[in-house]
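2 protein chains.
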Amino acid sequence: MTMHAVPASDRADLAAFLGRERARVDAALDALVPGLAARAPAPLAEPILYALGTPGKRLRPVLCVTAWSVVRPGPVPDAVYHLACALEIIHTYSLVHDDLPCMDDDDLRRGRPTVHVAFSPRAALLAGAALIPAAVRVLDDAARELGAGAALRGRLAAELCDAAGANGMVGGQQLDLEGEAGTVVDGAGLERIHRAKTGALLAASLRIGALAAGADDGVLRGLTVYGRELGLAFQIVDDVLDVTQADAVLGKTAGKDASTGKATYPSIFGLERARQMARERVDRAVDALAGARIPSPELRALAAYVLERDR
Amino acid sequence: MTMHAVPASDRADLAAFLGRERARVDAALDALVPGLAARAPAPLAEPILYALGTPGKRLRPVLCVTAWSVVRPGPVPDAVYHLACALEIIHTYSLVHDDLPCMDDDDLRRGRPTVHVAFSPRAALLAGAALIPAAVRVLDDAARELGAGAALRGRLAAELCDAAGANGMVGGQQLDLEGEAGTVVDGAGLERIHRAKTGALLAASLRIGALAAGADDGVLRGLTVYGRELGLAFQIVDDVLDVTQADAVLGKTAGKDASTGKATYPSIFGLERARQMARERVDRAVDALAGARIPSPELRALAAYVLERDR
Chain A
1 MTMHAVPASD RADLAAFLGR ERARVDAALD ALVPGLAARA PAPLAEPILY ALGTPGKRLR
61 PVLCVTAWSV VRPGPVPDAV YHLACALEII HTYSLVHDDL PCMDDDDLRR GRPTVHVAFS
121 PRAALLAGAA LIPAAVRVLD DAARELGAGA ALRGRLAAEL CDAAGANGMV GGQQLDLEGE
181 AGTVVDGAGL ERIHRAKTGA LLAASLRIGA LAAGADDGVL RGLTVYGREL GLAFQIVDDV
241 LDVTQADAVL GKTAGKDAST GKATYPSIFG LERARQMARE RVDRAVDALA GARIPSPELR
301 ALAAYVLERD R
Chain B
1 MTMHAVPASD RADLAAFLGR ERARVDAALD ALVPGLAARA PAPLAEPILY ALGTPGKRLR
61 PVLCVTAWSV VRPGPVPDAV YHLACALEII HTYSLVHDDL PCMDDDDLRR GRPTVHVAFS
121 PRAALLAGAA LIPAAVRVLD DAARELGAGA ALRGRLAAEL CDAAGANGMV GGQQLDLEGE
181 AGTVVDGAGL ERIHRAKTGA LLAASLRIGA LAAGADDGVL RGLTVYGREL GLAFQIVDDV
241 LDVTQADAVL GKTAGKDAST GKATYPSIFG LERARQMARE RVDRAVDALA GARIPSPELR
301 ALAAYVLERD R
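First to last, the protein sequences are chains A and B.
Following the numbering used here from start to finish, the first sequence increments by one per residue and tops out at 311.
Following the numbering used here from start to finish, the second sequence increments by one per residue and tops out at 311.
Hints in this document: simulated from the structure, not taken from any laboratory.
Among the hints, erroneous ones may be present.
The following residues of chain B were derived to be distant from chain A, with all beta-carbon distances above 12 Å [to be verified]: (1) P47; (2) D141; (3) M277.
Stretch by stretch, here's where chain B covers chain A in the computed footprint (C-beta under 8 Å, at least three residues) [as the list claims (entries may be wrong)]: (4) 38 to 52; (5) 98 to 107; (6) 127 to 137; (7) 160 to 170; (8) 205 to 218.
No experiment lies behind these values; they were computed from the predicted model shown.
Ideal placement from N, C-alpha and C gives every residue a C-beta, glycine not left out.
Chain A with its partners taken away, still in its complex shape (with noise of 0.2 Å):
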């Protein structure tokens, strides 16, 4: 996929910044995963460090991070990175429920047997579940070791608990689910399922970032306009690639929307309206930022990539 081209310099700039902060994310839930399972039984237990130890983007907690930087600038402290996985957890059980044989049923995820073909539907239903309250628990821990006081503690514990509720990303896949089964969904009701499904946690990303870091309201404000428009130009891409792509380069099963008659962007649009659209979202996430004078080459690099992945 070519659009919005990203210049030769700041996509190696991007893809080192990406890797860099990647591999900190990772060493950070290489750290806290053990200890989320450390009690539980071997049967639950290696469902979840399954799911968890799958390779990923990292999106979220990238997101996290650097909503961090573009209050505090500087070296980041580790605690921030564990904040972040508190969003990678709470992704990663979306994704394992998503799978289910009475949800997607879908059989690879990152190119690996998701967790019900690996292990059991009852195993992925259990692990998913369990993930829930361990990433509360993540984040609470982190912001204590950040120093975060009874309110802002509280506050971030529901930015997260709203983004991963029935507000939220379980509202939007309540509604994507409808749209499967037959509903008719045109553009505004697409745009609405995702606002929620996807938008509302990479919002709570860049919030629970900022929040942490003390970001004023404007700063605040333009972020979470940046997550949302990001959060549906991610979508719209997913839904391109899903007609584009081949399994084996998206890790996942390809042209599952139109074999479950399901709406989708190209679907409704076609799919050269279905790149411009995403081109407009990146367009508008990016003005945003500038809107609210944050100068985060990190973040403008972040939505270009959106454009720009195969994956």
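Start from chain A and add chain B according to the hints.
Positioned in the frame of chain A, the structure of chain B alone reads:
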């Protein structure tokens, strides 16, 4: 079931106490629940409201409030009932998921069709998962109402998350399902299952109420042992009732354990020995109260109630 008989006058007091406390818990739930699904899409809000609206014993919230009263006798603020609701919300999530076809596959719960029967397995999966962050929100909001500082708020959230997670309730459910799947479970194994599956959340209910009230370590330890023993007694009685009661009384499918070949207290020890074990557990629970100098007639009566209940 008649054992460890409660004198008629105490029984009348207990009935009045339980009725009064349940009414306040139900009023608190009625006040909180609409907000939990306010911005959720209707097909997700409906199963959430249905699940939380099913009448129940409200044992966990009543234990939470009673533990508060042990530490702070006198009128109980509404916020303590809000705190207590978090435990009922977590308990409700666990029932919704446990009833799913890929789990215990139950059609009847508290005398009504289970959520996956009344709606769909997808709706039950999503509604259940949405209740977890909702419970955390309710708990933390209540802790804020009670003026809890950062350390206490963190501690309360940790208690809830640990009891609800891989090392607590979810871990216990995993062990329980393994038993059903043919793994040989002996008495010690059964105790391990129920300590995690039921005991962890009952103990957390008491600990959360007591911690919020500022309990010292001695009281906390006493209540913890009481909760764990009560949890075991509760589970043994559950197993006994599954053998001896009809669906109509139980409000759920009776005789399920035998038909699935599941290891239970009656199947391992026989009905009479199981009844005796429940009595022994209740005695230990009451002894733990005495050992910690907790003069709560309500907690003693609740322990006896667990033995005498018929559903």
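>> Is the coverage entry for the region 127 to 137 of chain A by chain B consistent with the three-residue Cβ rule at 8 Å?
In response: Satisfied; 9 residues make the cut.
> For M277/B, is the shortest beta carbon distance to chain A beyond 12 Å?
Replying inline: holds, 23 Å
>> Is the listed coverage of the region 205 to 218 of chain A by chain B valid when you require three or more residues with a beta carbon under 8 Å from a beta carbon of that chain?
In response: violated (count 0)
> Do three or more residues of the region 160 to 170 of chain A come closer than 8 Å to chain B, measuring C-beta to C-beta?
Replying inline: Our answer is that it holds, as 8 residues pass the Cβ test (under 8 Å) against chain B, meeting three.
>> Is the listed coverage of the region 38 to 52 of chain A by chain B valid when you require three or more residues with a beta carbon under 8 Å from a beta carbon of that chain?
In response: holds (count 8)
> Beyond 12 Å from every Cβ of chain A: is that where the Cβ of D141/B lies?
Replying inline: At roughly 8 Å from the nearest Cβ of chain A, D141/B sits no farther out than 12 Å, so the non-interface label is violated.
> Do three or more residues from the region 98 to 107 of chain A put their C-beta atoms closer than 8 Å to C-beta atoms of chain B?
Replying inline: holds (count 4)
>> For P47/B, is the shortest CB-to-CB distance to chain A above 12 Å, so the non-interface label stands?
In response: violated, 9 Å
Violated hints, listed in ascending order, are 1, 2 and 8; each of the other numbered hints is respected by the structure.
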